[in-house]
Structure formats: structure tokens, C-alpha cells
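Enquirer: Those protein sequences? They're chains A and B, same order as listed.
All residue numbers for the first sequence refer to this note's numbering, where the first residue is 1 and numbers rise by one.
All residue numbers for the second sequence refer to this note's numbering, where the first residue is 1 and numbers rise by one.
Since the hints were made in silico from the structure, they are not lab data.
Just so you know, not all the hints are guaranteed correct.
Below 25 Å or equal to it, Euclidean Cα-Cα: the simulated SDA-like pairs (lysine to any residue) are [unchecked claim]: (1) B:K135 to A:F121; (2) B:K140 to A:G35; (3) A:K50 to A:N179; (4) A:K42 to A:K72; (5) B:K88 to A:G128; (6) A:K72 to A:P57; (7) B:K121 to A:W131; (8) A:K189 to B:E122; (9) B:K121 to A:K72; (10) A:K50 to A:G128; (11) B:K183 to B:S43.
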Amino acid sequence: MQKFVLWILVFSIVLPGTAMAAASAYGDKIFDAGGLGPIDSKLLVSVNQKAPDFTLPAVSGNPISLGQYKGKKNVLITFIPAAWTPVCSDQWPGYNIAKPLFEAHDTILLGISVDNLPTLFAWTHEMGSLWFDVLSDFWPHGQTAQTYGILRSNGTAERALILVDKQGIIRFIHVSDINIRPDLGMIMKALENLPR
Amino acid sequence: MRKCLVLLLFLGFLIPGATGLCEPRNEPLKMDLDFSLPAPEESAHRRYLGLETLDPFLLNQIQTKILIIEIFSMYCPICQREAADVNKMFELIQKNPNFKNQVRLIGIGAGNSAYEVNFFKETYQIEFPLFSDTKFVIHKKIGEVGTPYFIGLKPDKKQGLEIFYSQSGEIVDPEKFIEMLVKASGLKL
Numbered sequence: 001m002q003k004f005v006l007w008i009l010v011f012s013i014v015l016p017g018t019a020m021a022a023a024s025a026y027g028d029k030i031f032d033a034g035g036l037g038p039i040d041s042k043l044l045v046s047v048n049q050k051a052p053d054f055t056l057p058a059v060s061g062n063p064i065s066l067g068q069y070k071g072k073k074n075v076l077i078t079f080i081p082a083a084w085t086p087v088c089s090d091q092w093p094g095y096n097i098a099k100p101l102f103e104a105h106d107t108i109l110l111g112i113s114v115d116n117l118p119t120l121f122a123w124t125h126e127m128g129s130l131w132f133d134v135l136s137d138f139w140p141h142g143q144t145a146q147t148y149g150i151l152r153s154n155g156t157a158e159r160a161l162i163l164v165d166k167q168g169i170i171r172f173i174h175v176s177d178i179n180i181r182p183d184l185g186m187i188m189k190a191l192e193n194l195p196r
Numbered sequence: 001m002r003k004c005l006v007l008l009l010f011l012g013f014l015i016p017g018a019t020g021l022c023e024p025r026n027e028p029l030k031m032d033l034d035f036s037l038p039a040p041e042e043s044a045h046r047r048y049l050g051l052e053t054l055d056p057f058l059l060n061q062i063q064t065k066i067l068i069i070e071i072f073s074m075y076c077p078i079c080q081r082e083a084a085d086v087n088k089m090f091e092l093i094q095k096n097p098n099f100k101n102q103v104r105l106i107g108i109g110a111g112n113s114a115y116e117v118n119f120f121k122e123t124y125q126i127e128f129p130l131f132s133d134t135k136f137v138i139h140k141k142i143g144e145v146g147t148p149y150f151i152g153l154k155p156d157k158k159q160g161l162e163i164f165y166s167q168s169g170e171i172v173d174p175e176k177f178i179e180m181l182v183k184a185s186g187l188k189l
């Protein structure tokens with residue numbers, strides 16, 4: 001009994017300590033999964049190769065394909081692991097105010113999560129009004145993430161950024177430690193390095 | 001021993017609940033304020049803080065009677081939404097002759113790189129000094145609070161700095177907030 005109580009005590013004190021900074025905007029709705037293994041997948045794409053095309057349902061309504069931007073816009077695909085979790089819930093609101101920076105590089109964003117559309121609808125509405133499309137890679141579950149080699153063994157995606165130029169070629173890949181939000185400065189540097 | 005463990009168990013559940021994302025307002029907390037910040041590059045900001053050199057400085061080196069710290073994040077929707085209100089608070093402080101040289105405001109970007117802090121500053125035209133806490137070092141010391149978070153400090157001869165106020169969430173009304181904060185300090189400015 002004494003050992004059992006001790007274990008519970010340890011968990012009750014240690015687990016909350018793993019929380020990252022999350023905006024109070026979501027109140028107590030954020031699920032803290034604690035510290036996770038940094039990367040849990042094997043990348044299947046590389047820089048300078050053609051980006052695998054995909055068509056996914058979007059929160060905004062119509063399905064969206066990567067290919068529809070070919071010849072028109074650079075595309076930064078931002079995969080996040082899961083809705084309603086601490087780091088993910090902050091990442092896209094940051095990109096939301098950075099719209100002018102992306103526009104300056106003729107780049108649009110596509111946010112992708114393996115969550116289903118209703119979940120993504122509710123979650124992104126808590127963020128306010130996002131200027132970019134959010135797509136659901138829910139079914140077949142994580143197929144797009146799998147194609148890119150960033151589907152984790154628990155069915156969530158990595159926190160990954162894939163920058164595709166107007167020719168449909170991958171120019172930058174960053175698979176982040178899932179617990180860490182990638183630096184906006186690093187993204188801007190990648191955009192500056194895009195071929196003109 | 002068993003009673004002691006049960007009590008500890010109860011506290012273990014209770015305390016994290018009080019320090020999570022939804023802290024009650026005006027709950028002064030024990031925080032580790034023993035950290036240094038780099039001197040701002042802008043000379044106007046160094047003058048504002050009463051710093052004479054470019055060396056890193058401790059909070060208790062800031063020349064002020066009341067120091068307000070905003071823990072923010074460029075990524076936090078509320079911080080974005082209320083940036084104008086925090087700017088208004090700064091403006092009110094600067095316009096009030098009783099507050100101007102006795103109340104100072106700084107912001108610390110939790111988990112924000114220098115680039116991100118600068119982007120936030122430029123986006124919302126923030127005039128008070130902002131600092132980067134890229135790796136959450138300061139954020140951990142102050143208890144991993146949610147953002148935005150406001151801390152009111154005043155000099156204390158024994159402890160160096162006394163936390164007399166802390167608040168999670170929006171300031172709502174800049175004028176009322178600054179009045180309330182000064183009142184809470186117990187100082188006559």
C-alpha cells in the first residue's frame with residue numbers, strides 16, 4: 001500500500017511539470033501528453049525531389065490538392081501531431097500573424113493533421129480566423145503523412161515542415177523534435193533560399 | 001508515515017491544479033526570479049530601465065519602484081489580441097507623471113527566439129523592452145505559467161524583489177489594471 005501511494009505521489013507531482021507553455025486562450029481544454037520521444041518515423045522524401053501529391057478534405061469545405069498550386073505558389077506544408085495539445089495549439093496562431101512574411105515570398109501554407117474534420121473545425125475556431133487552409137489526413141488514416149515518412153507509430157504525425165516550390169520540388173524539410181516548435185526565423189531563412 | 005504520505009498525495013494533486021493553465025487572478029506565487037537578461041540593444045530601452053552598461057542585468061538592477069513583467073508568446077492568440085491593450089497600458093504609464101519614472105514594463109517571450117520576439121514587436125509596434133526566452137529557461141523558473149501572464153514586483157530590502165501581484169490572462173481594461181496594480185503594491189506614487 002505504502003509503495004502504491006508513493007508511486008501515485010511521484011506521478012501526481014512529476015507529470016504536470018512536463019507542460020509546455022500553452023496560451024491561456026484555450027482555457028483548460030488542452031490535453032498535455034507530456035514529453036514524447038522526439039522523432040518516431042523514417043523520412044521517405046528528400047530535398048530536390050518532386051513532392052508527392054495529395055488531395056485532402058479541408059476545414060474550409062472543398063478538398064485541396066498540393067498540385068493545384070503548381071506554377072502558382074510556393075507551399076509550406078506544416079504537419080502537426082495532434083489537435084488540442086500544447087505545442088500544436090500555439091504553432092498555427094503564430095503563423096497566422098506572420099501572413100505578410102509568407103506573402104512576401106509568394107508562399108501559402110497548408111496545415112495538415114491526422115485529426116478528423118470536426119475536431120479540426122472546433123480546434124482551429126478556438127484559434128480565431130486562420131488565413132490558410134487546414135487539411136485532415138484522417139482517412140485513410142495518416143496516408144499523406146505515411147507517404148512523406150512522418151507518421152509516428154502511435155498514429156500521429158511528426159511536427160514537420162516541407163517547403164515545396166512552384167515547380168512542385170521539395171526545397172526544405174524540417175522534422176522537429178515533437179516537443180519543440182520550430183523557429184519562425186528558420187522558416188523565413190528557408191523561404192529566402194527558394195530559387196527565384 | 002502513512003498519514004503523511006496521504007497528505008503529500010493530496011497536496012501533489014492540489015498544487016499542480018493551482019499552477020496550471022487557469023490560475024485564479026491575483027495569486028502571488030513563489031517564483032525563482034534569479035535570472036539575468038541581456039541589456040537591450042536600443043539605448044532608449046537601456047535608459048528606460050536605468051541601465052548604464054551593455055552587460056546582462058538582474059531584475060533588481062532595474063531602476064523602478066514597480067516592475068511589471070508580461071510573459072507572452074508570439075504564438076499566443078490572446079497575447080496577439082491584447083497587444084494593443086498592453087501598449088495602451090504602457091502609454092498610460094508614460095503619460096502619468098506619477099507613474100512615468102516609477103513604473104516600468106517589460107515583456108519576456110516564453111519559448112520565443114530573438115527573431116520571433118522582434119517580429120512580435122514590429123507587428124504590434126511595441127515600445128517597451130521585450131526579451132527572448134528561447135529555451136523556456138526563465139519560463140521554467142517562474143513555474144511554466146500560461147500566456148499571457150502578468151507579474152507585479154517591487155524592490156524589497158531583504159529579498160531583493162517582492163512579488164506582490166500575478167495574474168493569468170488578459171488585463172481587459174488597461175487603465176483599471178494599472179490603477180489596481182499600483183494599489184496592490186501598497187506604494188504611494
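Enquirer: Please go over all the hints and tell whether each is borne out by the structure.
Expert: Do the hints match the structure? See the list:
{"no.": "1", "hint": "B:K135 to A:F121", "in the structure": "31 Å, violated"}
{"no.": "2", "hint": "B:K140 to A:G35", "in the structure": "15 Å, holds"}
{"no.": "3", "hint": "A:K50 to A:N179", "in the structure": "28 Å, violated"}
{"no.": "4", "hint": "A:K42 to A:K72", "in the structure": "30 Å, violated"}
{"no.": "5", "hint": "B:K88 to A:G128", "in the structure": "22 Å, holds"}
{"no.": "6", "hint": "A:K72 to A:P57", "in the structure": "21 Å, holds"}
{"no.": "7", "hint": "B:K121 to A:W131", "in the structure": "21 Å, holds"}
{"no.": "8", "hint": "A:K189 to B:E122", "in the structure": "18 Å, holds"}
{"no.": "9", "hint": "B:K121 to A:K72", "in the structure": "32 Å, violated"}
{"no.": "10", "hint": "A:K50 to A:G128", "in the structure": "34 Å, violated"}
{"no.": "11", "hint": "B:K183 to B:S43", "in the structure": "31 Å, violated"}
Comparing the model with each earlier hint shows violations of hints 1, 3, 4, 9, 10, 11; every other hint is respected.
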